[in-house]
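Visitor: Using the hints, position chain B against chain A.
Given next are the chains, with one letter for each unit.
2 protein chains.
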Amino acid sequence: MSQINQTAALREWAQVVGAPHVITAASTLKDAETGTFATRHKVPAIVRPGTRAELQECMRIACRRQIPVYPISSGKNWGYGSRVPASDGCVLLDLGRMNRIVDFNEDLAYVTVEPGVTQAQLFAFLKERGSKLWMDATGASPDCSLIGNTMERGFGHTPYGDHFANSCGLEIVLPQGDVIETGFARYRNAKTSALHRWGVGPTVDGLFSQSNLGIVTRMTIWLMPAPECFQAYYFRCETDEGLTAIVDALRPLRMDGTIRSASHIANDYKVLAAVQQYPWEAANGQTPLSRDLMAQFRQEAKIGVWNGSGALYGTRAQVKEARRLLRRALAGKAARLQFLDDRLLRLASRFAKPYRWFSGWNLERTLAVLKPVYGLMQGIPTDHPLFSTYWRKRTSPPAAMNPDRDGCGLLWCSPVAPNDGRSAQELTGIASELVLRHGFEPAISITVLSDRAISCIISLGYDREVAGEDEKARRCYHELLSTLARHGYHSYRLGIDSMNAMGADSTYSDFLQDVKHLLDPDGILAPGRYIAPRSTRKSLTALA
Amino acid sequence: MSQINQTAALREWAQVVGAPHVITAASTLKDAETGTFATRHKVPAIVRPGTRAELQECMRIACRRQIPVYPISSGKNWGYGSRVPASDGCVLLDLGRMNRIVDFNEDLAYVTVEPGVTQAQLFAFLKERGSKLWMDATGASPDCSLIGNTMERGFGHTPYGDHFANSCGLEIVLPQGDVIETGFARYRNAKTSALHRWGVGPTVDGLFSQSNLGIVTRMTIWLMPAPECFQAYYFRCETDEGLTAIVDALRPLRMDGTIRSASHIANDYKVLAAVQQYPWEAANGQTPLSRDLMAQFRQEAKIGVWNGSGALYGTRAQVKEARRLLRRALAGKAARLQFLDDRLLRLASRFAKPYRWFSGWNLERTLAVLKPVYGLMQGIPTDHPLFSTYWRKRTSPPAAMNPDRDGCGLLWCSPVAPNDGRSAQELTGIASELVLRHGFEPAISITVLSDRAISCIISLGYDREVAGEDEKARRCYHELLSTLARHGYHSYRLGIDSMNAMGADSTYSDFLQDVKHLLDPDGILAPGRYIAPRSTRKSLTALA
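These protein sequence lines map, in sequence, to chains A and B.
Everything in the first sequence is counted per numbering that gives the first Met the number 0, starting at 0 for the first residue and increasing by one.
Everything in the second sequence is counted per numbering that gives the first Met the number 0, starting at 0 for the first residue and increasing by one.
Chain A with its partners taken away, still in its complex shape (with noise of 0.2 Å):
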């Protein structure tokens, strides 16, 4: 772009959207260029508007003057780019100050929100009206945006944990700024825009999911009635293989609706990571983390190879009935089956010794290891999860927590694999032993996502402070992209640098190309996102 094109649009999104919302500060451009792995792409300015109309008009500007912009909600895209763009020299459009919750209904169970809108923000306001409702968290941050996440296919841990399938009513703006609503939003005076996903005619929601296409500027969340009875529980495996026996066991009872919300099964390694920092003593300065080493480690903190944990959500009858086929399930494949509500929890913090020694179980321990992702089956979000990216880190986490900032590096890998044990074993065998080759600690959770699919998230942390680990990790999360790809697990999700690392289909890219080109024929929002640019082969169409 040239200078001029791009100091005329400066000023005239200042006029816009105000002056002070149009930051071009050298060490806050240089903070919002830093993620938690290394990157290239220079943000030129940041530009704040503060209502859709704003939002157009910035867009208007943009193509106008040629200026390629890159929309963040609250740009928490850890381990993905943060909020790094995808391409050079595009100007950030943070939509945080678009942050109004405009539609809430407490029998429909829904509310309708806005970019800027978060995890924090949804879950104060439901409590402030005493609602009954619960809404779903990520482990991610409070500070999360909720369309951000939503967009991006990120899930979370009660049974509305497909954040994608439980919103609808999308309002977007495209990118040369018209505006569309979808479902049966584009009907004025319809009763039942935040109730019906489809709507009539086809079905766009999920164009602007993981997408270049529009900027979703509203968004339906559909929220979940709080249970009569909640119980969370938790289970160990003491042997890599006895993962496959384990997935096999729990798939009939997703498919059945036993289990509504997603069970996670987490390895030592990632629960390590969950409650300390490296060993750097125990493992004399070496990394990474040998199995054996780890062995030990887990004898100490009484941690399984696997580490299985979910929720049940029902009746008092529903979730007893829950629990015995669980049980059932699971007899001789898991050890240490072990439910947990309120009530015991409050028990267990009053009585952990005493408890311990009429029950064996050290509650104390468990509850240390467990209790952060108990919340969040309920819908309650943590920075919990945050610490673990500190992980490799020499010294402590701060009390406000920043992996961008403090040089924690994390890559995530999320693969998806049949919802069978089989999979599930090869899938992490894989991954395993490629990333210790690399010289990382596979920290690996199973997300029984659905009733036919899992996701494994695989997490690369490193120090980023330390020369040399920021090509090292790049270097094996792209073999481990790859590899995986080439064995048929390929992500839900991908990073800013690795839009294209899986390969695919040329038609289908063509034909995402062309709609690209349609819309947003000078490439101008978020370019390389999701949809590569299109090369100057001819369009798939005889038209465009």
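Source of the hints: derived by calculation from the structure; they are not laboratory data.
Keep in mind that a hint or two might mislead.
Because identical chains share one entry, a pair is satisfied inside a single copy or across any pair of copies.
[To be verified] Below, computed lysine-lysine pairings styled on DSSO-like, alpha-carbon distance capped at 30 Å:
{"hint": "1", "residue 1": "332", "residue 2": "131"}
{"hint": "2", "residue 1": "131", "residue 2": "319"}
{"hint": "3", "residue 1": "370", "residue 2": "41"}
{"hint": "4", "residue 1": "319", "residue 2": "332"}
Guide: Using the frame of chain A, we list chain B on its own:
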């Protein structure tokens, strides 16, 4: 289109699909031009490709020769247009020969089919294999195409009743003959093509449902593991206003997962039409059937003003608890809540009379009214609902029913409303009054489609052989659509003559038309179907 082009196209199509599969016999074409309401569109030929490759070639020929085409799977789009194209002069592309079941997995519970595969075919397939999986079925007909119904976003009666939500991995032939696959199937060796809905990057499945942007040639359908225990429930409500309380009572049970499938609530007219034809004699040959006469028939046939049905699925304990919760929820709101299962049904068939004697419940009559839905709730296809399309005929339905052929008049209007009692009451009130005023019986069923939305299906049944009735029904239908839309109740599905009957936000329409123009610049594929042809206006985007 020019006659020369058409002749050339027919010759070229014959070379691709074989001469016997290009049909131009006048009587066959006339049948194809005939639906369950007055239609004007001519069909110049029918072409029946046998494979995807043949279909691709057919589309290339159509584009080259500029002949519009209209794909049908089984063409049983009764009430919305049957096989008749949405605009004049389209050659029918009949996909019925593409009827292979191409993949099946018992453990992961899915089947992958081509467009010609019917409900009956899949049902037989599962039976033959002794599969423990249930399909979902609509009440339309065993000969309905699974893909056709799913792409029209039809619904059924089991927990997998939202067909579109329980499908994935589409293979699509684009208008100009290219092929794309959606979800992870875009990656050739993906292990999760049939298992994970979203894939990575923009999700495009929705674009191709209720659409004319492509032809779905392959789709995966998720199947439901048969539950340990199945029980149907039936209830009645003796007043019109009682509907409010019933809908409000069912909503929490749907939201908390106690009721996992759609409940159906049919009014008296709907139930009467399911068990008998129009009572010409009692009505002295007059139409419509007045509310007073209807009240009399209600008494005699022991049906309620509203008649609910649904089913419970789970383990014995889960179903028992659901039964308790349902009883509690409906207490004082619904009458005669009854549960029915296979055991009771077997018993009933043998001991209906003595059972009546000791229980006071007229099981025999109840069974006659309710049994057809019982199978549907287990995913067993039936053509029983076809019977009601003969409602106003003066002769009995033939053994092989065919409403198109037999001059059965049928228009379906399918507005969606919030899942609350007040909305259900308002919608059905408006519809009943309007339909009666136009001289038809308001046969209405409410389907509690999802947690937050209900769908009303309003059937206008009439005798096409009575002069003037076609036009009378058309007027009624259009007033119904537009009146309900004005009140905020928009239809989830539209007939071939009503694609624009509800009005629409123009930016959204422009957006769809631009995408259509991109993929199909000459409007060859199913012109007028859900996406209106582009007017002479300039494109929404600067480019196209």
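Visitor: Determine for every hint whether it applies to the structure shown.
Guide: Hint-by-hint comparison with the structure:
1. 332 / 131: Classified as between; 24 Å across copies, 37 Å inside a copy.
2. 131 / 319: Answer is both: 22 Å inside a copy and 26 Å across each meet the 30 Å cutoff.
3. 370 / 41: Close neither inside one copy (40 Å) nor across copies (68 Å); limit 30 Å.
4. 319 / 332: both (20 Å within a copy, 29 Å between copies)
Violated hints amount to a single one, hint 3; each of the other numbered hints is respected by the structure.
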